[in-house]
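Using the sequences and the hints given, assemble the complete structure.
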Amino acid sequence: MVWAKMKFPFEKRVKLAQGLWLLSWLAIVGGALNFCFGCFLKTEIRRRTEVMDNSNIHIVPNTLIVSGLAAIGINYFAGQICQDALDVGRFPRWKTFLKPYCCCAIIFTSLTLIGVILSFTMRSSLEGSLQVGLRNALRFYKDTDTPGRCFQKQTIDHLQMEFRCCGNNDYRDWFEVQWISNRYLDFSSKEVKDRIKSNVDGRYLLDGVPFSCCNPSSARPCIQYKLTNNSAHYNYEHQTEELNIFVRGCREALLSYYTALMNSIGAGVLLLFLVVLASLRYLQTSMEAVIGQENTEIETEGYLLEKNVSETIVEYLNPVMKLLLLNQVQDGLVKAEAGAQPE
Amino acid sequence: MAILKVTFTKTKRNILAQALWVLNWVSVITGLTLFSLGLFLKVEIQKRQEVMTNEIHMVPNMLIGVGLATCSINFLGGKICYDCMDTTAFLHWKLLMLPYIICTFFFTLYILVGALMCYAMRSDLEESLLLGLWDAMCYYKDTDIPGCCYIKHSIDLLQMQFQCCGNGGFRDWFHIQWVSHCYLDMSISNVVDQLQSNVEGKYLTDAVPFTCCNVHFPRPCIQHQITNSSAHYNYNYHGAELNLNQKGCRQALLQYYTQIMQFVGLIVLIMWLFELSVLTCMHFLQTSIENVLRLGDSESESDGWLLKNSISETVQHNFNIIKNLGKCYQVDDDPNIDVSSTSRQTQEAIKQRHP
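Protein chains in written order, with our numbering: chain U, 39 to 381; chain R, 423 to 777.
It cannot be assumed that every hint is accurate.
What the hints assert, rightly or not - List of simulated lysine to any residue pairs, SDA-like, C-alpha gap at most 25 Å:
no.: 1; chain 1: R; residue 1: K434; chain 2: R; residue 2: G569
no.: 2; chain 1: U; residue 1: K228; chain 2: R; residue 2: H654
no.: 3; chain 1: U; residue 1: K264; chain 2: R; residue 2: Y625
no.: 4; chain 1: U; residue 1: K231; chain 2: R; residue 2: H654
no.: 5; chain 1: R; residue 1: K669; chain 2: U; residue 2: H196
no.: 6; chain 1: U; residue 1: K231; chain 2: R; residue 2: K434
no.: 7; chain 1: R; residue 1: K669; chain 2: U; residue 2: S255
Simulated from the structure, these hints should not be mistaken for laboratory data.
The structure is reproduced here in structure tokens:
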């Protein structure tokens with residue numbers, strides 16, 4: 039008993055083939071977009087690799103790239119099949135190829151689906167990675183003379199200016215880190231000595247932030263030192279002064295950027311692939327009934343599955359089960375033999 | 423005696439027509455590219471209009487015009503070439519062909535002028551930027567005056583994006599008051615001294631805005647008391663390179679726009695050569711098809727040429743045509759013209775009365 043049956047007169051079959059041909063080319067474009075987007079996401083993540091702790095997030099762009107390439111190949115063949123579908127002489131050529139092709143297409147469409155789901159679920163992993171990565175990067179800001187860390191200052195400055203953010207959670211993170219290198223501190227000055235003594239670890243901490251935290255939209259020239267001291271600056275109130283420096287933390291800024299990128303991809307493309315797959319199946323089944331008939335313009339039936347869903351799943355799983363069961367039978371025989379021998 | 427005569431068989435003519443059809447469509451695409459480049463340049467100039475005194479809109483407008491005209495001319499050319507493959511269809515276009523080719527020839531001259539203008543824009547731009555940047559820097563502090571409130575933001579973004587400082591260099595900021603009076607504490611004696619020491623009562627210091635800071639420098643930015651070596655630890659104003667952007671914004675912007683213009687100018691020159699060659703081939707095609715029609719047999723060979731006679735004869739022939747254009751309304755002693763007898767008698771009577 040077939041599942042999802044539809045009747046197809048000759049004109050409807052022709053329209054289905056034409057529509058499917060167009061859809062398959064659209065899907066090729068969609069696959070190409072998917073691929074390009076995956077590459078773009080990968081490069082964007084690579085650019086900020088210094089502020090990320092682990093590279094688990096790379097799975098999302100990798101999935102997108104693979105599914106994009108596969109989609110291009112699959113839909114190209116779908117287009118070729120459509121072109122040959124209406125010519126009864128050329129269609130049988132594809133007959134043996136179609137079943138494995140449909141399986142492949144289902145696998146890769148589910149891969150795209152997995153990619154879309156992953157891009158939603160990887161958010162928490164990304165957040166953890168950024169938290170640790172940014173904290174380390176802030177600590178190494180001053181180490182411009184240490185090999186391996188000398189570009190951290192540049193990276194963080196560019197990041198803060200580009201994403202209009204300051205620090206990890208917010209600008210106060212800079213108060214807890216020594217971001218001025220000892221090379222530029224005058225240890226003979228009383229102020230420096232006092233600050234270092236007042237700190238347990240002997241670090242020079244101050245209520246100031248680097249210049250890259252400054253907001254260019256501010257109406258007044260940037261105040262970056264003595265931020266919490268209202269009397270140090272004329273007409274300045276620390277609590278109400280919003281625009282002077284960026285208040286958003288870089289972790290939040292980066293997280294929302296990457297989440298927006300990943301969310302904007304999948305659903306439309308996935309829908310397109312599903313429609314192409316279903317239409318191709320209908321076309322194949324309706325054309326199979328025409329092969330061998332004298333009158334090619336008869337009405338035929340098309341369906342999605344030959345038997346209903348549960349029977350089809352059982353049918354596909356049987357070969358897999360047989361493989362496992364065969365092993366079990368063999369194990370059983372071996373055990374029986376081993377058991378028989380000692381006796 | 424024809425100049426550059428080439429003999430065309432029927433297949434050769436068809437191949438030429440097909441090739442020209444393809445080339446015309448390629449030209450349409452280059453025309454679209456040129457149009458989009460003109461739009462891009464217009465947008466780029468518009469973005470920085472606050473730092474220019476008079477915006478240079480002539481060059482991008484010209485590029486847009488050339489792009490659109492190229493599209494339409496080559497679209498028409500493509501249609502003509504498509505019809506040239508069939509000699510009966512060509513008859514529709516017969517009268518239009520020569521004017522079309524002459525028009526396109528003058529249009530190619532216009533393209534050449536455009537390409538040269540791209541290279542000549544630099545001096546205008548430099549002057550415009552010099553004055554414009556000075557004005558903008560003077561209004562940097564006026565964030566509370568309507569009309570000027572976004573200048574600070576624009577200059578800050580400009581200095582960050584192009585990694586530049588000031589007009590010619592960072593010292594320009596020393597001659598301008600860029601800190602607004604709202605943020606100056608008049609009760610501090612330093613501030614009052616600074617204001618009084620200046621003729622115009624401006625607050626001038628050796629400090630620069632934070633956007634002048636060089637991101638690539640290992641030391642946290644020093645933006646105040648720049649000329650005072652003793653104000654900062656381990657700092658020598660006259661010694662090592664400073665932690666500010668060394669390039670002036672005028673030079674940075676000029677470099678940026680000159681690069682764009684050179685690229686665009688090169689593309690326009692290549693397009694000009696391409697258009698000229700397409701035009702020449704179309705003229706060959708036109709003359710060969712006209713000769714075929716004259717011979718009457720569309721399958722035979724025919725000659726195509728650049729000019730029918732030598733250059734001097736062609737020039738004289740055209741000059742005669744222009745000279746005779748004015749004579750069409752004069753009454754000749756041409757026996758074919760029917761002049762009624764009464765009008766002739768009236769003319770003679772008038773001549774007798776007024777000798």
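Tested hints:
no. : hint              : result
1   : R:K434 <-> R:G569 : violated, 66 Å
2   : U:K228 <-> R:H654 : holds, 14 Å
3   : U:K264 <-> R:Y625 : holds, 23 Å
4   : U:K231 <-> R:H654 : holds, 16 Å
5   : R:K669 <-> U:H196 : holds, 19 Å
6   : U:K231 <-> R:K434 : violated, 92 Å
7   : R:K669 <-> U:S255 : holds, 23 Å
The structure fails to meet hints 1 and 6 from the earlier list, while all remaining hints are met.
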